[in-house]
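Residue numbers (the working numbering), protein chains in the order written: chain P, 89 to 443; chain L, 89 to 443.
The hints are simulated quantities; they were obtained by calculation from the structure and are not laboratory data.
A quick note: this is a predicted structure, and the numbers were derived from the prediction, not measured.
Be careful, since some hints might not be right.
What the hints assert, rightly or not - Mimicking DSSO-like on lysine-lysine, the simulated pairs with C-alpha atoms at most 27 angstroms apart in a straight line are: (1) K121/P to K121/L; (2) K121/P to K356/P; (3) K141/P to K116/P; (4) K121/L to K356/P; (5) K356/L to K116/L; (6) K141/L to K116/L.
What the hints assert, rightly or not - If you want a taste of the chain L side facing chain P, the calculated C-beta under 7 angstroms gives, among others: (7) E238; (8) A262; (9) E265.
Every residue, glycine too, gets a C-beta built ideally from N, C-alpha and C.
Number of protein chains: 2
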Amino acid sequence: MDMDTLLVEPGGLEQVEDALGRFFEESKVRAAKIGPGYHALWETLERCTAGGKRFRPRMVMSAYQMLGGRDIENAAELGAAFELLHTALIVHDDVIDRDFVRRGIPNVSGHYRSVAEGAGLSPEGARHVGLSAGVIAGDLALSNAYRLLERIEAPTATRRRLGQILDEAVFASAAGEFLDIESSLDPAMPPLEDIVQMARLKTSVYSFEGPLQAGAVLAGADEEVIGRLGDFGRDAGIAYQIADDLLGVFGNETRTGKTNWGDLREGKRTALMSFVADRPEWSSISSLVGSPGMSASDADYVRRILVDSGARDYSADLAADYASRARTHLESGAVPPALRTALEPVVTAVVDRVR
Amino acid sequence: MDMDTLLVEPGGLEQVEDALGRFFEESKVRAAKIGPGYHALWETLERCTAGGKRFRPRMVMSAYQMLGGRDIENAAELGAAFELLHTALIVHDDVIDRDFVRRGIPNVSGHYRSVAEGAGLSPEGARHVGLSAGVIAGDLALSNAYRLLERIEAPTATRRRLGQILDEAVFASAAGEFLDIESSLDPAMPPLEDIVQMARLKTSVYSFEGPLQAGAVLAGADEEVIGRLGDFGRDAGIAYQIADDLLGVFGNETRTGKTNWGDLREGKRTALMSFVADRPEWSSISSLVGSPGMSASDADYVRRILVDSGARDYSADLAADYASRARTHLESGAVPPALRTALEPVVTAVVDRVR
Numbered sequence: 089m090d091m092d093t094l095l096v097e098p099g100g101l102e103q104v105e106d107a108l109g110r111f112f113e114e115s116k117v118r119a120a121k122i123g124p125g126y127h128a129l130w131e132t133l134e135r136c137t138a139g140g141k142r143f144r145p146r147m148v149m150s151a152y153q154m155l156g157g158r159d160i161e162n163a164a165e166l167g168a169a170f171e172l173l174h175t176a177l178i179v180h181d182d183v184i185d186r187d188f189v190r191r192g193i194p195n196v197s198g199h200y201r202s203v204a205e206g207a208g209l210s211p212e213g214a215r216h217v218g219l220s221a222g223v224i225a226g227d228l229a230l231s232n233a234y235r236l237l238e239r240i241e242a243p244t245a246t247r248r249r250l251g252q253i254l255d256e257a258v259f260a261s262a263a264g265e266f267l268d269i270e271s272s273l274d275p276a277m278p279p280l281e282d283i284v285q286m287a288r289l290k291t292s293v294y295s296f297e298g299p300l301q302a303g304a305v306l307a308g309a310d311e312e313v314i315g316r317l318g319d320f321g322r323d324a325g326i327a328y329q330i331a332d333d334l335l336g337v338f339g340n341e342t343r344t345g346k347t348n349w350g351d352l353r354e355g356k357r358t359a360l361m362s363f364v365a366d367r368p369e370w371s372s373i374s375s376l377v378g379s380p381g382m383s384a385s386d387a388d389y390v391r392r393i394l395v396d397s398g399a400r401d402y403s404a405d406l407a408a409d410y411a412s413r414a415r416t417h418l419e420s421g422a423v424p425p426a427l428r429t430a431l432e433p434v435v436t437a438v439v440d441r442v443r
Numbered sequence: 089m090d091m092d093t094l095l096v097e098p099g100g101l102e103q104v105e106d107a108l109g110r111f112f113e114e115s116k117v118r119a120a121k122i123g124p125g126y127h128a129l130w131e132t133l134e135r136c137t138a139g140g141k142r143f144r145p146r147m148v149m150s151a152y153q154m155l156g157g158r159d160i161e162n163a164a165e166l167g168a169a170f171e172l173l174h175t176a177l178i179v180h181d182d183v184i185d186r187d188f189v190r191r192g193i194p195n196v197s198g199h200y201r202s203v204a205e206g207a208g209l210s211p212e213g214a215r216h217v218g219l220s221a222g223v224i225a226g227d228l229a230l231s232n233a234y235r236l237l238e239r240i241e242a243p244t245a246t247r248r249r250l251g252q253i254l255d256e257a258v259f260a261s262a263a264g265e266f267l268d269i270e271s272s273l274d275p276a277m278p279p280l281e282d283i284v285q286m287a288r289l290k291t292s293v294y295s296f297e298g299p300l301q302a303g304a305v306l307a308g309a310d311e312e313v314i315g316r317l318g319d320f321g322r323d324a325g326i327a328y329q330i331a332d333d334l335l336g337v338f339g340n341e342t343r344t345g346k347t348n349w350g351d352l353r354e355g356k357r358t359a360l361m362s363f364v365a366d367r368p369e370w371s372s373i374s375s376l377v378g379s380p381g382m383s384a385s386d387a388d389y390v391r392r393i394l395v396d397s398g399a400r401d402y403s404a405d406l407a408a409d410y411a412s413r414a415r416t417h418l419e420s421g422a423v424p425p426a427l428r429t430a431l432e433p434v435v436t437a438v439v440d441r442v443r
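Start from the sequences and build out the full structure, keeping to the hints where you can.
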């Protein structure tokens with residue numbers, strides 16, 4: 089599901105693009121002084137940052153502006169910092185998943201794998217060169233998210249708080265990524281609470297809670313609002329992730345832009361799987377799920393079982409339930425009407441998509 | 089060459105240990121709330137940070153104290169930040185080099201490779217799990233170097249400057265790491281100026297220039313002193329790296345703690361190789377250098393050629409030359425005598441080791 093359909097357009101997105109553009113321009117100038125190869129790495133990283141939906145900057149800018157913030161240019165640096173964090177996480181996530189393509193084009197690792205193949209390396213050697221370049225490029229994006237934060241004009245206490253929010257986003261995302269690896273070592277499907285925790289760690293914190301709270305902190309919002317936005321972000325992110333997992337198996341491939349049996353073949357840990365693994369139907373599909381040799385008709389069979397066992401409805405209800413909890417936080421009174429109106433479509437879209 | 093022999097003992101190293109200890113304690117408490125697996129990842133990262141020589145904190149603390157800084161506890165956070173950066177770089181460097189052991193014990197990747205093997209994964213699958221855990225752990229160390237920096241009490245302008253120094257260290261180290269990979273794709277040995285640039289990028293900036301300048305900035309030193317320390321750090325780091333490469337080929341294995349033909353087998357780009365690659369002798373060893381099948385007697389033969397061609401003496405002279413340049417910066421008058429006395433042994437040790 090494209091996150092860009094989830095939000096009304098806040099102002100300031102152009103300033104976020106400008107901030108990112110300035111950052112990459114400066115970095116490329118610095119890199120060119122070291123040499124053309126390093127300059128090219130920065131160009132590759134810039135290409136991997138372009139074309140995103142800017143979901144996290146949208147969250148930052150919505151919260152900031154709807155809570156009375158007026159210094160759009162300053163807030164745009166914060167939006168850009170979260171976008172760079174996003175780039176860092178996807179670049180390293182692709183290294184961990186050994187993916188060489190993203191959004192239909194070679195990612196950092198894919199680009200340098202081709203370069204290494206062109207230099208005559210073995211396929212295995214070229215893959216490793218690609219992944220190594222991905223490690224380095226992700227490090228640059230990660231550290232420069234902090235660098236962009238340094239540029240923000242704000243009192244020391246505010247700056248520290250923004251730093252803590254960014255840290256929390258990194259800490260939680262790393263935890264989610266790590267638990268994902270750990271859980272792949274265990275053949276058993278994890279219980280639902282682990283699935284929900286993973287969704288919170290991998291999605292809610294850096295995509296919803298962090299950007300919303302950071303925008304609110306920079307706007308000087310009340311603690312109560314900041315707290316409510318955190319609660320909203322947590323539940324909206326969980327709803328989003330459960331819905332996204334559902335679309336990964338049942339979604340229209342043209343609309344989601346990915347095959348809808350990759351997740352089944354990988355044995356991805358989702359609410360669907362956690363539900364069905366506790367039912368008698370599991371015995372008929374457990375050997376298929378997570379099997380690299382899964383065929384299209386195997387996938388159809390697994391999907392039928394997921395429907396018949398009630399796993400699909402259960403997951404859709406669960407996503408709707410978290411979306412509804414998220415809405416409750418918005419409607420608690422602390423969040424001003426304009427911001428409520430801006431964020432409402434996020435949860436509506438989640439529910440609409442999985443029904 | 090152990091960097092710990094290079095410097096007199098500054099005060100404040102215990103406070104650096106305390107700062108690192110507090111940081112890991114807090115992080116483990118936070119991680120434990122997420123789960124025992126994440127707590128264990130933090131323990132592993134802590135183990136990989138322990139046992140280092142604290143060379144970079146020594147640089148920070150020497151500069152800070154000898155330039156009149158009095159708030160040792162505050163400076164110790166800065167020293168700890170550079171130590172965490174060091175951890176981040178070695179953890180990711182090991183991922184890139186596919187090394188699973190450091191200082192004789194399993195590193196992060198080695199630990200998680202064993203865990204994955206225990207869970208029944210194939211050797212290839214287990215290696216990948218290990219490397220993935222290394223990517224995540226390095227990200228945590230990297231981002232938390234910035235986190236420690238946030239804790240420092242200093243005026244905004246000073247904090248920004250410290251942030252820029254840390255950024256520069258990351259920017260340069262990433263460049264050095266990346267150019268290393270790029271140069272491995274080119275069978276030709278690079279010219280000497282590229283070798284020197286690589287030494288500066290990979291060693292000088294984050295181990296010498298950055299920590300010295302950061303300590304000086306926090307102590308409120310004059311621009312002239314800060315500039316001179318940068319010059320000293322650049323040349324001392326280059327001298328150190330050239331000497332270290334020399335010991336990697338000719339050093340006593342017991343003293344250096346590593347085999348002295350690994351670098352030859354890898355075809356590591358060093359001043360030695362750059363020199364000999366331009367001489368007629370090169371044709372007799374070019375097929376051996378960088379060959380995975382190199383035997384001990386091949387290595388002896390290559391060493392003899394490196395001596396006879398003058399490559400060894402050339403490299404030793406080059407290291408001594410950079411050490412002497414470094415000494416000149418110290419003696420320029422801007423650097424106070426106490427700090428000069430503290431840093432002098434760094435360059436003396438380099439020259440002594442390669443003679």
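Taking the hints in turn, this is what the structure says about them:
no.	hint	in the structure
1	K121/P to K121/L	45 angstroms, violated
2	K121/P to K356/P	44 angstroms, violated
3	K141/P to K116/P	23 angstroms, holds
4	K121/L to K356/P	24 angstroms, holds
5	K356/L to K116/L	38 angstroms, violated
6	K141/L to K116/L	23 angstroms, holds
7	E238	5 angstroms, holds
8	A262	5 angstroms, holds
9	E265	6 angstroms, holds
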